[in-house]
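*Asks:* Chain residues, written in single-letter form:
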Amino acid sequence: MNDSAATPAISLSRRQLLLSTAIALVVAALILVIAVLPAEFGIDPTGIGKLAGLTAMAQSEGDTAVPAMHAHPRKARSARIEIHVKPNEQLEYKALLELGEPLLYAWTVEGGPVYFEFHGEPTEGEWPKDYYRSYQIGERSTAEQGSFVAPFTGNHGWYWKNLSSEPATIVLEASGYYSRLGRIE
Amino acid sequence: MHRIAGGIAALLLLATGVAFAHNVDQAAQQYLASNVGAQIVPFAYLGAKHMVTGYDHLLFLVGVIFFLYRLKDVALYVTLFAVGHSTTLLLGVLGGIGVNPFIIDAIIGLSVVYKAFDNLDGFRKLFGFEPEPRLAVLIFGFFHGLGLATKLQELKLADEGLVANMVSFNVGVEIGQFLALGVILIAMNYWRRSASFLRHAASVNVALMAAGFALAGYQLTAYAVA
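Protein chains in written order, with this note's numbering: chain R, 280 to 464; chain A, 2 to 227.
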């Protein structure tokens with residue numbers, strides 16, 4: 280394809296070639312270290328990124344779409360629930376949340392471990408049949424905690440499967456602006 | 002995501018731009034995830050858009066056709082690339098094979114380096130052999146298809162019409178490829194006719210190499226940080 284006999288190819292000496300490659304590497308490294316790493320990841324070995332205000336970009340990433348505060352007409356709900364799980368049993372436990380509403384959660388397993396998938400199913404709007412969105416999967420877990428903001432109105436929560444042949448108890452603590460929290464049959 | 006605030010425009014452009022390379026963008030993701038059944042044209046459009054806006058791929062194209070003068074060779078290249086990425090895209094999605102997208106994008110960055118180095122005749126001069134360019138394009142096609150397959154699987158597409166949608170996405174990738182190639186070819190042919198072509202050919206390829214290294218470094222850092 281690149282028939283160098285027929286096409287006027289570039290003719291560099293070995294020295295020029297090595298030098299060219301070295302220049303390309305140095306330029307790439309400079310661009311990465313001075314601009315890309317500070318701006319994208321907040322990694323700033325030279326300090327130039329901070330001076331130029333690039334590291335701030337890495338920190339503010341994702342902030343733009345979410346307002347800092349979010350007032351509510353009612354108080355948040357919270358609950359502490361003990362869920363008894365039989366050996367190898369699987370179940371789903373979910374919170375009904377409107378689009379944009381937050382949930383703080385923490386759960387621990389006495390016994391287990393469990394396989395889990397944190398996911399959500401829309402309850403209104405136009406969606407394909409059986410659509411769900413997966414947020415997090417854990418192959419073997421005994422505790423998870425975090426915060427969550429519903430990307431759409433629907434039931435958001437966990438599928439759990441007890442991986443042990445002993446009964447287990449999942450202690451779920453949740454608080455947030457859910458209107459229902461419970462087991463999905 | 003990011004907005005360029007002026008200032009050190011050129012560097013910033015690169016820094017902000019890389020983030021968009023080869024992402025099937027957000028709105029498209031939502032669309033893909035919430036579609037039902039076979040949707041030929043939308044998927045073809047997304048495939049074409051992915052190609053035309055994926056500038057790491059465009060850089061590779063510039064490298065590949067830098068010294069391709071005959072249309073026959075260009076057609077051969079397109080075919081080989083199509084065979085490569087179609088194979089792994091379809092097999093990947095249907096077989097559930099996924100590879101880390103950062104690694105794939107790093108490889109795509111390195112493929113730009115490879116092609117630019119090849120244009121400089123570096124392999125023959127430094128190592129005494131030249132890798133078969135047709136094979137390289139085919140292998141690059143494999144990697145590219147694997148990256149696409151991984152991204153499409155993350156969207157959890159509905160099973161209904163999956164194959165039809167995959168095929169139309171693939172056809173769209175081809176169309177986008179042709180469009181991008183057309184523009185690059187016109188620009189390259191125009192440039193080739195001017196006396197400056199050979200004078201600047203070496204430096205342009207060194208710049209391509211630098212861009213490829215930067216892309217690969219960016220993706221590898223993203224992989225290490227993630």
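Among the hints, a few may not be true.
Here chain A is said to cover these stretches of chain R; the calculated rule only asks that three of the stretch's residues, wherever they fall, bring their Cβ under 8 Å from a Cβ of chain A [stated by the list, open to error]:
{"hint": "1", "region": "418–424"}
{"hint": "2", "region": "437–450"}
Away from chain A, derived, C-beta distances all over 10 Å, residues of chain R [what the hints assert, rightly or not]:
{"hint": "3", "residue": "L291"}
{"hint": "4", "residue": "R293"}
{"hint": "5", "residue": "T300"}
{"hint": "6", "residue": "A307"}
{"hint": "7", "residue": "S357"}
{"hint": "8", "residue": "H363"}
{"hint": "9", "residue": "K365"}
{"hint": "10", "residue": "Y384"}
{"hint": "11", "residue": "A385"}
{"hint": "12", "residue": "G390"}
{"hint": "13", "residue": "F397"}
{"hint": "14", "residue": "T402"}
{"hint": "15", "residue": "Y414"}
{"hint": "16", "residue": "Y456"}
{"hint": "17", "residue": "R459"}
I should point out that these hints are in silico values taken from the structure, not numbers from a laboratory.
Where a beta carbon is used, it is the ideal one built from N, C-alpha and C, also for glycine.
*Asks:* Does each hint fit the structure? Answer for all of them.
*Replies:* We went through each hint and held it up to the structure:
{"no.": "1", "hint": "418–424", "in the structure": "violated (count 0)"}
{"no.": "2", "hint": "437–450", "in the structure": "violated (count 0)"}
{"no.": "3", "hint": "L291", "in the structure": "6 Å, violated"}
{"no.": "4", "hint": "R293", "in the structure": "6 Å, violated"}
{"no.": "5", "hint": "T300", "in the structure": "7 Å, violated"}
{"no.": "6", "hint": "A307", "in the structure": "3 Å, violated"}
{"no.": "7", "hint": "S357", "in the structure": "31 Å, holds"}
{"no.": "8", "hint": "H363", "in the structure": "31 Å, holds"}
{"no.": "9", "hint": "K365", "in the structure": "29 Å, holds"}
{"no.": "10", "hint": "Y384", "in the structure": "23 Å, holds"}
{"no.": "11", "hint": "A385", "in the structure": "24 Å, holds"}
{"no.": "12", "hint": "G390", "in the structure": "31 Å, holds"}
{"no.": "13", "hint": "F397", "in the structure": "14 Å, holds"}
{"no.": "14", "hint": "T402", "in the structure": "15 Å, holds"}
{"no.": "15", "hint": "Y414", "in the structure": "12 Å, holds"}
{"no.": "16", "hint": "Y456", "in the structure": "23 Å, holds"}
{"no.": "17", "hint": "R459", "in the structure": "24 Å, holds"}
Of the hints listed earlier, those the structure fails to meet are numbers 1, 2, 3, 4, 5, 6, in rising order.
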